[in-house]
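Asks: Sequence:
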Amino acid sequence: MIENKIARNNEAKMTIFKNNAKPIASKPDIFHNLTNQLKDYLGWIDREILNQAEEFDAGVVPFFRYVLESEGKRIRPLLVLLSAKGSGGIIEDHLYLAVVVEMIHLATLVHDDILDGASMRRGLPSVTSRWGSEISVLLGDSLFAQALKVCCRLHPDIIKSVAHGVCVVCSGEILQTRRRFDWNLLEEEYLKIIQMKTGELFRIPCELAARLNSASQSISEALGRYGQALGSSYQIYDDCLDLFGNEENVGKTLGTDLGGGKLTLPILYLYQQGSEEMKRTIVEIFENGVSEDWEKIQLWIVKEGVLQKTFQTAMNFLEQGKKELDLLPESDEKEYLLDVSNILGKHLAELVNAQSAL
36 MIENKIARNN EAKMTIFKNN AKPIASKPDI FHNLTNQLKD YLGWIDREIL
86 NQAEEFDAGV VPFFRYVLES EGKRIRPLLV LLSAKGSGGI IEDHLYLAVV
136 VEMIHLATLV HDDILDGASM RRGLPSVTSR WGSEISVLLG DSLFAQALKV
186 CCRLHPDIIK SVAHGVCVVC SGEILQTRRR FDWNLLEEEY LKIIQMKTGE
236 LFRIPCELAA RLNSASQSIS EALGRYGQAL GSSYQIYDDC LDLFGNEENV
286 GKTLGTDLGG GKLTLPILYL YQQGSEEMKR TIVEIFENGV SEDWEKIQLW
336 IVKEGVLQKT FQTAMNFLEQ GKKELDLLPE SDEKEYLLDV SNILGKHLAE
386 LVNAQSAL
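In my numbering, the protein residues as written are 36 to 393.
Treat the hints with care, since some could be wrong.
[As the list claims (entries may be wrong)] The calculated lysine-lysine pairs, modelled on DSSO-like cross-linking and capped at a C-alpha distance of 27 Å, are:
| hint | residue 1 | residue 2 |
| --- | --- | --- |
| 1 | Lys381 | Lys369 |
| 2 | Lys381 | Lys108 |
| 3 | Lys331 | Lys314 |
| 4 | Lys227 | Lys108 |
| 5 | Lys358 | Lys369 |
| 6 | Lys357 | Lys369 |
[Stated by the list, open to error] Okay, the calculated beta carbon distance ranges per label pair:
| hint | residue 1 | residue 2 | range |
| --- | --- | --- | --- |
| 7 | Lys74 | Glu339 | 24 to 34 Å |
| 8 | Gln343 | Asn86 | 38 to 48 Å |
| 9 | Ala180 | Arg315 | 41 to 51 Å |
| 10 | His190 | Lys338 | 48 to 58 Å |
| 11 | Ile126 | Glu339 | 44 to 54 Å |
| 12 | Ser168 | Ser105 | 16 to 26 Å |
| 13 | Gln343 | Cys202 | 29 to 39 Å |
| 14 | Glu339 | Ser206 | 25 to 35 Å |
Keep in mind that the hints were calculated from the coordinates and are not lab data.
Ideal Cβ positions, reconstructed from N, Cα and C, are used throughout, including at glycine.
Generate the whole structure from the sequences, applying the supplied hints.
Replies: Given below as structure tokens:
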């Protein structure tokens, strides 16, 4: 039943997000200045990630290279490096931790595209659209396994924490999948889900980088909370981008949340504050998946003040995370971590302002 709804909705929303020309910062290279300062470390990490493809049988190496060569922002490796420098300095173990978290992230993207029916990722055909779900499942599983193999270079406590983090991420995805088309979902339940499925993969690089430096528990955990708050805000930004982005600019399939029945924060806010008539209409739109009706959802989210409310929730996460950094001594790296939050806040504001001006 749910699968039929998803198939219908995916067909309906395709034209909206391919033709959406709203002027927002859709694929910003928001970390360019920071990555440039750490380019030697990040270059080594990129090469080591690509080298992992050679660990597999020659017959399947092209599949792994296709995923590992994809160009991303490398936010999580950047967080490892900044957290490491802010808590004592970068050592070799930090570079391998960065490889691990980025490979885990790539594995989750492969699996996400199966769940969402996404045809495009990072400007290229997704693995599932190119080779099917069977190959994609196995490829994602193998990337997880290879990441944990690389992780074996690190201290057993770090390995245990990474494995636990992967369990948290997958649990968050399960919870979200189980709550598709569930209009009883509460805001606090949604926030818990995004803290698990997205925030956790921002917490791990920050907290574990500090632990590798034998930083105090208070500093390590503060960095972890900073990362989780940043990741949660980033997920809300991504939810908004899914509604108002342009596929060509963003480089991935959009509208998958709508098409897949995922009740993201803007949708929840709209439903919760709407009249009974509006609520019935929203449910019907999700049930039927008519493209013109998706545009009505977009319009309501802006006109009813929902986008602004969503923006404020995302900004609250960013401010919470920035306060966690008060425990760190003053340093350039601390300022860079604050910059990461500020840059994300800037792009959130640009997205909201662009839609509100239309």
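Asks: State for each hint whether it applies.
Replies: These are the hints, each one checked on the structure:
1. Lys381 <-> Lys369: holds, 18 Å
2. Lys381 <-> Lys108: holds, 17 Å
3. Lys331 <-> Lys314: Cα-Cα ~13 Å, so holds.
4. Lys227 <-> Lys108: Judged against 27 Å, a Cα distance of about 25 Å means the pair holds.
5. Lys358 <-> Lys369: OK: Lys358 and Lys369 at ~11 Å, within 27 Å.
6. Lys357 <-> Lys369: holds, 10 Å
7. Lys74 <-> Glu339: 24 to 34 Å: Given about 44 Å between the Cβ atoms, the range is violated.
8. Gln343 <-> Asn86: 38 to 48 Å: About 46 Å separates the Cβ atoms of Gln343 and Asn86, which means 38 to 48 Å holds.
9. Ala180 <-> Arg315: 41 to 51 Å: holds, 47 Å
10. His190 <-> Lys338: 48 to 58 Å: holds, 53 Å
11. Ile126 <-> Glu339: 44 to 54 Å: About 51 Å separates the Cβ atoms of Ile126 and Glu339, which means 44 to 54 Å holds.
12. Ser168 <-> Ser105: 16 to 26 Å: holds, 19 Å
13. Gln343 <-> Cys202: 29 to 39 Å: holds, 36 Å
14. Glu339 <-> Ser206: 25 to 35 Å: Holds: the Cβ-Cβ distance is about 33 Å, inside 25 to 35 Å.
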